[in-house]
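Using the sequences plus the hints, can you model the full thing?
In our numbering, the protein residues as written are 1 to 419.
Hints listed in this document are in silico derivations from the structure and should not be mistaken for laboratory results.
Each hint can be trusted.
Derived DEER-like restraints, expressed as beta-carbon distance ranges:
| hint | residue 1 | residue 2 | range |
| --- | --- | --- | --- |
| 1 | 221 | 141 | 19 to 27 angstroms |
| 2 | 120 | 265 | 31 to 39 angstroms |
| 3 | 52 | 399 | 55 to 63 angstroms |
| 4 | 110 | 185 | 14 to 22 angstroms |
| 5 | 409 | 97 | 52 to 60 angstroms |
| 6 | 199 | 347 | 29 to 37 angstroms |
| 7 | 56 | 400 | 45 to 53 angstroms |
| 8 | 231 | 76 | 24 to 32 angstroms |
| 9 | 52 | 245 | 31 to 39 angstroms |
| 10 | 90 | 353 | 52 to 60 angstroms |
All residues carry an ideal CB built from backbone N, CA and C; glycine is no exception.
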Amino acid sequence: MRQRRGDLPRRAAARASADGDRGGSGLAYGQDWLSNPARFAVSPDLVLAPGHQVRKPPTKDDSRFFLALADTEPDAWGRRLIARSHAKERKLDPTLKALTELDYLCAVDDFSRIGALRLRKNDKKSFLRTVEQGMRSTAPLVELEHIFQASRAVERSQESAQDLQYLLGKGTSLGGMRPKCTVLNDDGTLALGKFPSVKDERSVTRGEVLALRLACRAGIETANARVVMVNGTPIAVINRFDRTIDHGRIAYLSAASLLQASRDKEHAYTEVVDAMRRVCVEVKADARQLWRRLVLNHLITNVDDHLQNMGFLYVGNGLWRLATAFDLNPFPDKDRESKTWLSEDTGPVTTIETLMEKSGYFYLTKPEAVAVLTEVHHAVTGWRSLAMSAEVGLTATELEEFSPAFEHSEMDRVKVLLR
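Now the structure itself:
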């Protein structure tokens with residue numbers, strides 16, 4: 001069940017304000033939204049009711065914005081670009097004030113902002129951070145080299161004002177500190193271009209494409225990913241999943257926002273399933289899909305499985321569905337322990353046995369769990385041939401660098417379980 005067009009009505013759904021440095025924000029739904037038959041609460045912490053509502057972050061590390069808005073904030077890479085650009089501007093004009101969290105939120109490019117929420121000031125007709133004079137529109141794939149070189153200059157602290165002007169606004173909430181940029185595929189659809197970092201000790205971009213391709217083979221709905229070579233440099237191009245075929249926007253919530261999770265507390269997948277029971281249109285199918293992803297994460301050593309790396313897409317009638325898998329990365333140099341706990345009583349995922357013991361919580365019978373485990377294990381065992389294929393392109397040396405992520409004692413334990 002998918003909605004054909006995810007755009008919210010063009011008139012503002014809500015009016016927002018921020019408390020400056022005091023750490024809070026306010027928001028009120030517009031009457032046009034409240035009276036719209038298609039209305040829904042755009043964020044779990046924002047009651048669908050008239051009147052001004054206030055959010056105060058529970059800790060200094062949590063966003064001051066209602067959580068659906070917080071999902072659209074720039075990630076660490078985007079914040080770095082915004083801060084660097086502002087610092088250069090302040091050198092030319094010392095009267096400029098320091099950036100606020102609202103400034104960061106508003107600095108994201110409207111065209112590429114995640115989900116369906118869009119921002120504009122007061123009653124102005126244009127949305128914030130649409131293309132202005134001197135600013136870049138979302139770049140086509142043919143400009144990947146220019147984007148990559150500008151990103152590398154930022155990483156080396158050698159960027160020019162022109163580099164920052166070129167990149168500014170294209171940071172996304174789906175990422176972290178790694179360099180990236182929103183790009184347009186040849187057919188006009190949105191994608192992320194994810195670049196190698198100057199700090200990389202292995203081919204992280206090829207590794208992510210490998211992980212996403214393996215996930216697809218393992219029966220997991222994934223964002224389409226491919227390697228694009230730019231002057232001998234492998235760049236991962238990963239399609240965005242929050243747009244419809246006809247370029248409409250689909251409302252998005254991270255798992256962290258669905259749970260209203262504070263960033264300084266541990267959370268568990270069983271909590272996510274509990275929340276899914278309340279809001280998902282096909283909770284059993286989504287919960288089973290989530291468990292399949294947990295098995296894959298464990299077998300490929302994807303241990304960066306925090307709640308911001310899981311999400312949900314709006315399907316209508318106040319209901320959501322699990323978004324496609326994204327940001328999957330094998331970590332051959334890390335211990336096989338999930339960042340998100342399996343349950344509050346088991347703690348992180350560390351063995352395949354703990355996953356099997358909790359499979360019932362994800363609506364799987366034991367035979368069904370064994371069948372899923374068999375399919376995922378079979379997909380992962382073929383990682384070497386896929387890794388060396390033209391679509392991924394790891395060299396023999398790179399293959400050995402990644403091997404600890406895929407060939408380990410847990411894979412052997414699965415073989416024993418499946419006998």
